[in-house]
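Q: As given, the protein sequences belong to chains A and B, one line each in that order.
Taking this note's numbering, I'd label the letters of the first sequence as residues 539 to 727.
Taking this note's numbering, I'd label the letters of the second sequence as residues 539 to 727.
Don't take every hint at face value.
The list makes no distinction among identical chains, and a pair is therefore deemed to hold if it is satisfied within one copy or across any two copies.
No farther apart than 30 Å at their CA atoms in a straight line, the calculated lysine-lysine pairs in the DSSO-like style are these [stated by the list, open to error]:
#, residue 1, residue 2
1, 548, 588
2, 560, 548
3, 548, 690
4, 593, 694
5, 593, 548
6, 593, 560
No lab work stands behind these hints: they were computed from the structure.
Number of protein chains: 2
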Amino acid sequence: MNFCSQCGHKVSLEIPEGDDRKRHVCGSCETIHYQNPNIIAGCLPIHEGKVLLCKRAIEPRHGFWTLPAGFMENGETTEQGALRESWEEARANIDVHGLYTMFNLPQINQVYLFYRGTLSDLNFGAGTESLEVALFSEDEIPWRELAFPVIKKTLKHYFADRVSGEYPIRNEDLIYPKFTHTPDEPQKS
Amino acid sequence: MNFCSQCGHKVSLEIPEGDDRKRHVCGSCETIHYQNPNIIAGCLPIHEGKVLLCKRAIEPRHGFWTLPAGFMENGETTEQGALRESWEEARANIDVHGLYTMFNLPQINQVYLFYRGTLSDLNFGAGTESLEVALFSEDEIPWRELAFPVIKKTLKHYFADRVSGEYPIRNEDLIYPKFTHTPDEPQKS
């Protein structure tokens, strides 16, 4: 951030009065420009024990498999965001059962929320951000071709929890001492 | 938003290629400036059945009672944000038991997350954003002087759930057809 989005003047990085961390502050209109984490909302869509995955048509992780998910938009709820992304990426209509996993990724200022649900029909298909969309049984999951650790963790929780049929909300912090953009597993420092 | 924070050129509100909603787009460097919801993280601090509340020293709702909570910052987890706010507003040290309530407020692009916990000591006190900090039993809660509906709802859930001693994560959407900044209750359209 170099310029004030309100008045166009240059901003500088300084600690505003009464604050304790550096913010981008406008030298002219004095607007303080806060930057805060983003929510990524998605679904774990199930049909007769199989999971719907999307093969990514975009970077990062082009060609790898993911659950439908994306940045929550203003004016919607987290569940609405999860359903919208499921439609956009997988043309999937989903009956939501509830929030299932939540992951904090503080290095990249993201909080992931996945909702568990069942497909309401089988009219799914690849949206513009997907190369392919398909249903996978537990044995068929392409574990080595999953796009992100949050996907692998959500799937692992699901296959473990469905043995009992209880799906408590799973809440994890994914902290990578030496973070790379697409780590396969947490790295040791 | 009037100017590009990257290059200082004027922005215009338009639908970028491949998108389906209006964004602020720079006419020069073509940066797309996304705006997304914010997370507000806080705690429900308990000591021997009493709840710690803070009397707000700032607007909105100056003089009304709240649970310690505030905007999650980059680089922290939701729980770290909740603990930081509890320290800043109430000088409270808390042993967290887990995520407890989650509220979507789509009209103001906010998602609230409250963590349940017990005070680890009684050295609490008013931070700079609080006039006063005090413990309240259920009978003493100033129900008509609570700052926000999310506070009232979190307290109601807590007093109801502690009868059984089970505290499932409570997840609600607060949708106000005619929204005012500090509604006491959802308004009917």
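Q: Checking residue 593 and residue 560: alpha-carbon separation at most 30 Å within a copy, between copies, both or neither?
A: between (39 Å within a copy, 27 Å between copies)
Q: Is it within a copy, between copies, both, or neither that the alpha carbon of residue 593 lies no farther than 30 Å from that of residue 694?
A: Close inside one copy (19 Å), not across copies (44 Å); limit 30 Å.
Q: First find the shortest C-alpha distance between residue 560 and residue 548 inside one copy, then the shortest across copies, and answer within, between, both or neither for a cut-off of 30 Å.
A: both (16 Å within a copy, 26 Å between copies)
Q: Within a copy, between copies, both or neither: which one fits residue 548 and residue 588 at a CA-CA cutoff of 30 Å?
A: Classified as neither; 53 Å inside a copy, 49 Å across copies.
Q: Classify it for me, residue 548 with residue 690: is the Cα-Cα distance of at most 30 Å met within a copy, between copies, both or neither?
A: The answer is neither: 43 Å in one copy and 42 Å across copies each exceed 30 Å.
Q: Taking 30 Å as the upper bound on the Cα-Cα distance, should residue 593 and residue 548 be classified as within, between, both, or neither?
A: Neither: 42 Å inside a copy, 37 Å across copies.
Comparing the model with each earlier hint shows violations of hints 1, 3, 5; every other hint is respected.
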